[in-house]
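Enquirer: Chains as they are written, first to last, in the working numbering: chain A, 1 to 249; chain B, 1 to 60; chain C, 1 to 231.
Treat the hints as calculated values from the structure; they're not laboratory data. We put the CB at the ideal spot given by N, CA and C, even for glycine. Heads up, some of the hints might be wrong.
[Unchecked claim] Each computed BS3-like pair below joins lysine-lysine, with the alpha-carbon atoms no more than 30 Å apart:
id : chain 1 : residue 1 : chain 2 : residue 2
1  : A       : Lys241    : B       : Lys38
2  : A       : Lys14     : B       : Lys46
3  : A       : Lys241    : B       : Lys43
4  : B       : Lys43     : A       : Lys14
5  : B       : Lys39     : A       : Lys22
6  : A       : Lys118    : B       : Lys39
7  : B       : Lys46     : A       : Lys9
8  : A       : Lys215    : B       : Lys46
9  : A       : Lys241    : B       : Lys48
10 : B       : Lys38     : A       : Lys118
11 : B       : Lys48     : A       : Lys118
12 : B       : Lys48     : B       : Lys38
13 : A       : Lys118    : B       : Lys43
14 : A       : Lys14     : B       : Lys48
15 : B       : Lys43     : A       : Lys89
16 : B       : Lys48     : A       : Lys215
[Claimed, not checked] Per label pair, the in silico range of CB-to-CB distance:
id : chain 1 : residue 1 : chain 2 : residue 2 : range
17 : A       : Leu204    : C       : Glu53     : 14 to 24 Å
18 : C       : Asn166    : A       : Arg155    : 17 to 27 Å
19 : C       : Leu213    : B       : Val25     : 16 to 26 Å
[Stated by the list, open to error] Reference listing, derived: stretches of chain B covered by chain A, where coverage requires no fewer than 3 residues with Cβ under 8 Å from a Cβ of chain A:
id : stretch
20 : 11-18
21 : 21-27
22 : 32-42
23 : 45-58
Single-letter residue listing:
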Amino acid sequence: MKLPAIVHKFSSPKNFYIMSGKMIPWFMWSFLLSLFVGLYYGLFVAPPDYQQGESYRIMYIHVPAAWMSMFIYMIMAVSAAVGLIWRIKTADLMASVSAPIGAAFTFLALVTGSLWGKPMWGTYWVWDARLTSELILLFLYLGFIALQASIEDPRNAARAGAILLIVGVVNIPIIHYSVEWWSTLHQGATVAKFDKPSMHISMLIPLLVLATSFKLYYVASVLMRARGEILRREQNTRWVKEIVTGESS
Amino acid sequence: MSVSEFFHMGGYAFYVWSSYGLALVVLGWIMISPVFSKKAIIKELKIKYRQQERQHQEDV
Amino acid sequence: MSASTQQPSTTGAFISLIKRDLMLSYRHRNELLNPLLFFVIVVTLFPLGVSPEKQLLQTMAPGVIWVAALLAAMLSLDTLFKSDYEDGTLEQMMLSPHSNAVLVLAKIFSHWLVTGVPIILMAPLLGIFMFLPAEAVSTLMLTLLLGTPILSLVGAIGMALTLGLNRGGMLLSLLVLPLYIPVLIFSANAVDASMAGLEIKGQLYFLEALLVLSITLAPLAAAAALKISVE
Numbered sequence: 001m002k003l004p005a006i007v008h009k010f011s012s013p014k015n016f017y018i019m020s021g022k023m024i025p026w027f028m029w030s031f032l033l034s035l036f037v038g039l040y041y042g043l044f045v046a047p048p049d050y051q052q053g054e055s056y057r058i059m060y061i062h063v064p065a066a067w068m069s070m071f072i073y074m075i076m077a078v079s080a081a082v083g084l085i086w087r088i089k090t091a092d093l094m095a096s097v098s099a100p101i102g103a104a105f106t107f108l109a110l111v112t113g114s115l116w117g118k119p120m121w122g123t124y125w126v127w128d129a130r131l132t133s134e135l136i137l138l139f140l141y142l143g144f145i146a147l148q149a150s151i152e153d154p155r156n157a158a159r160a161g162a163i164l165l166i167v168g169v170v171n172i173p174i175i176h177y178s179v180e181w182w183s184t185l186h187q188g189a190t191v192a193k194f195d196k197p198s199m200h201i202s203m204l205i206p207l208l209v210l211a212t213s214f215k216l217y218y219v220a221s222v223l224m225r226a227r228g229e230i231l232r233r234e235q236n237t238r239w240v241k242e243i244v245t246g247e248s249s
Numbered sequence: 001m002s003v004s005e006f007f008h009m010g011g012y013a014f015y016v017w018s019s020y021g022l023a024l025v026v027l028g029w030i031m032i033s034p035v036f037s038k039k040a041i042i043k044e045l046k047i048k049y050r051q052q053e054r055q056h057q058e059d060v
Numbered sequence: 001m002s003a004s005t006q007q008p009s010t011t012g013a014f015i016s017l018i019k020r021d022l023m024l025s026y027r028h029r030n031e032l033l034n035p036l037l038f039f040v041i042v043v044t045l046f047p048l049g050v051s052p053e054k055q056l057l058q059t060m061a062p063g064v065i066w067v068a069a070l071l072a073a074m075l076s077l078d079t080l081f082k083s084d085y086e087d088g089t090l091e092q093m094m095l096s097p098h099s100n101a102v103l104v105l106a107k108i109f110s111h112w113l114v115t116g117v118p119i120i121l122m123a124p125l126l127g128i129f130m131f132l133p134a135e136a137v138s139t140l141m142l143t144l145l146l147g148t149p150i151l152s153l154v155g156a157i158g159m160a161l162t163l164g165l166n167r168g169g170m171l172l173s174l175l176v177l178p179l180y181i182p183v184l185i186f187s188a189n190a191v192d193a194s195m196a197g198l199e200i201k202g203q204l205y206f207l208e209a210l211l212v213l214s215i216t217l218a219p220l221a222a223a224a225a226l227k228i229s230v231e
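The task is simple: from the sequences and hints, build the whole structure.
Expert: Given below as structure tokens:
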């Protein structure tokens with residue numbers, strides 16, 4: 001299968017390095033802008049919730065973090081598959097470099113979910129469908145990171161990681177469905193369902209703004225990580241040597 | 001909302017601010033650590049290239 | 001023209017690989033007891049650690065027995081590819097003209113015959129330990145019959161990925177146990193439901209679907225992973 005020409009532009013590590021260097025400031029600034037707008041609306045303008053009072057504002061972190069945890073895993077699986085099928089190094093790179101970011105968002109979703117639950121339902125943890133699925137997703141991320149860390153050859157690490165991600169992505173709907181089903185059975189035993197408040201538009205807008213903000217954050221940070229990693233992986237090429245010796249630091 | 005109300009968060013201050021604080025720490029770390037590691041790798045490679053140059057000179 | 005230059009068919013290769021693995025397992029038959037004993041011992045720990053009271057054990061039984069089965073299956077994965085990897089046979093296998101996925105399926109099948117089937121047969125004994133009523137025991141055996149092959153198939157992927165690594169065992173658990181969770185949920189629940197006299201058709205359909213999915217896809221993933229590990 002022939003890929004469009006633009007992919008070739010990004011698939012060479014050198015081009016990727018140069019292009020990402022130019023792109024990062026754009027993403028950084030738009031991330032910061034949307035972050036401030038979202039936080040302002042979310043913390044000041046949006047009214048307190050009828051039932052949950054001010055604590056619902058944790059949702060502005062919890063929900064976008066949970067969305068990102070899934071989104072990043074999908075991106076990782078797709079890049080890994082692309083890297084595996086078409087042997088594109090930068091695709092492998094994107095997958096492995098995204099992993100800590102995805103794991104961080106998953107962790108954040110879990111902890112903020114827990115902090116949201118305590119004032120509302122009196123308990124730091126509840127085995128409800130969403131939190132349980134997030135926990136399992138965290139295990140999937142950590143497994144991937146551990147596998148890549150334990151294989152020395154980067155090419156083999158990339159291929160093994162890709163297989164694990166593809167297997168993971170096939171399993172995620174299965175796991176998610178199983179946990180949902182399990183959770184409806186035991187509904188009575190759990191304290192309560194974690195639920196977003198019924199959303200007024202003034203609450204929804206900051207949520208969407210922050211969700212976009214997190215996506216911009218992801219692009220900026222993944223590109224930053226990727227550049228450092230490219231220098232390491234391509235250290236024996238001439239272009240890297242030129243860049244390193246040209247650096248004033 | 002007054003400033004003190006803002007910090008008080010209707011009595012939920014601990015939970016709300018811990019969440020936002022944790023987000024700041026975690027996401028901040030994720031964004032800043034590549035800056036340090038890139039500096040470190042450049043430093044490391046500079047030394048390595050210098051060593052390789054020296055080796056090359058000796059071999060010649 | 002001699003018959004010995006004829007290539008065996010893929011089916012022929014499949015069958016002879018199974019026969020070979022079974023014969024090798026037979027030669028090391030005392031090792032086969034280990035995962036089985038582990039299975040029994042782990043279940044035994046629960047009355048000792050929690051309470052020997054009948055009601056409590058009966059409630060816990062489906063989950064406890066199934067978790068023990070997951071752990072035993074995972075431990076038994078060690079014998080799946082390791083010895084062939086270490087003596088170079090695995091590499092030879094990968095070079096053969098036959099589809100690697102089919103050969104891997106043969107290995108997984110014979111592995112299941114000697115590790116999964118004994119677990120299924122142990123179920124009635126454990127049912128007695130945990131005071132499971134008869135209908136629950138037969139459901140337990142049915143879920144084990146459907147589930148243990150899934151555990152072997154999915155576990156094979158994890159084993160193939162961690163084959164060449166030192167102390168791959170711990171990593172293997174981290175990789176494989178999350179993938180086992182759906183099997184656990186539906187199997188334990190089916191046994192629970194049959195104790196309460198409820199329908200278990202849905203759970204069984206789900207397990208059957210997982211089994212079919214694993215049989216078709218897992219050997220492909222495992223073969224791809226083996227190619228990486230063998231290099």
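Enquirer: Take the hints in turn and mark each one as holding or not.
Expert: Structure-based check of all given hints:
{"no.": "1", "hint": "A:Lys241 / B:Lys38", "verdict": "holds (14 Å)"}
{"no.": "2", "hint": "A:Lys14 / B:Lys46", "verdict": "holds (18 Å)"}
{"no.": "3", "hint": "A:Lys241 / B:Lys43", "verdict": "holds (12 Å)"}
{"no.": "4", "hint": "B:Lys43 / A:Lys14", "verdict": "holds (19 Å)"}
{"no.": "5", "hint": "B:Lys39 / A:Lys22", "verdict": "holds (18 Å)"}
{"no.": "6", "hint": "A:Lys118 / B:Lys39", "verdict": "violated (42 Å)"}
{"no.": "7", "hint": "B:Lys46 / A:Lys9", "verdict": "holds (28 Å)"}
{"no.": "8", "hint": "A:Lys215 / B:Lys46", "verdict": "violated (34 Å)"}
{"no.": "9", "hint": "A:Lys241 / B:Lys48", "verdict": "holds (10 Å)"}
{"no.": "10", "hint": "B:Lys38 / A:Lys118", "verdict": "violated (40 Å)"}
{"no.": "11", "hint": "B:Lys48 / A:Lys118", "verdict": "violated (52 Å)"}
{"no.": "12", "hint": "B:Lys48 / B:Lys38", "verdict": "holds (15 Å)"}
{"no.": "13", "hint": "A:Lys118 / B:Lys43", "verdict": "violated (47 Å)"}
{"no.": "14", "hint": "A:Lys14 / B:Lys48", "verdict": "holds (20 Å)"}
{"no.": "15", "hint": "B:Lys43 / A:Lys89", "verdict": "holds (24 Å)"}
{"no.": "16", "hint": "B:Lys48 / A:Lys215", "verdict": "violated (37 Å)"}
{"no.": "17", "hint": "A:Leu204 / C:Glu53: 14 to 24 Å", "verdict": "violated (51 Å)"}
{"no.": "18", "hint": "C:Asn166 / A:Arg155: 17 to 27 Å", "verdict": "holds (19 Å)"}
{"no.": "19", "hint": "C:Leu213 / B:Val25: 16 to 26 Å", "verdict": "violated (41 Å)"}
{"no.": "20", "hint": "11-18", "verdict": "holds (count 5)"}
{"no.": "21", "hint": "21-27", "verdict": "holds (count 4)"}
{"no.": "22", "hint": "32-42", "verdict": "holds (count 7)"}
{"no.": "23", "hint": "45-58", "verdict": "holds (count 4)"}
Of the hints listed earlier, those the structure fails to meet are numbers 6, 8, 10, 11, 13, 16, 17, 19, in rising order.
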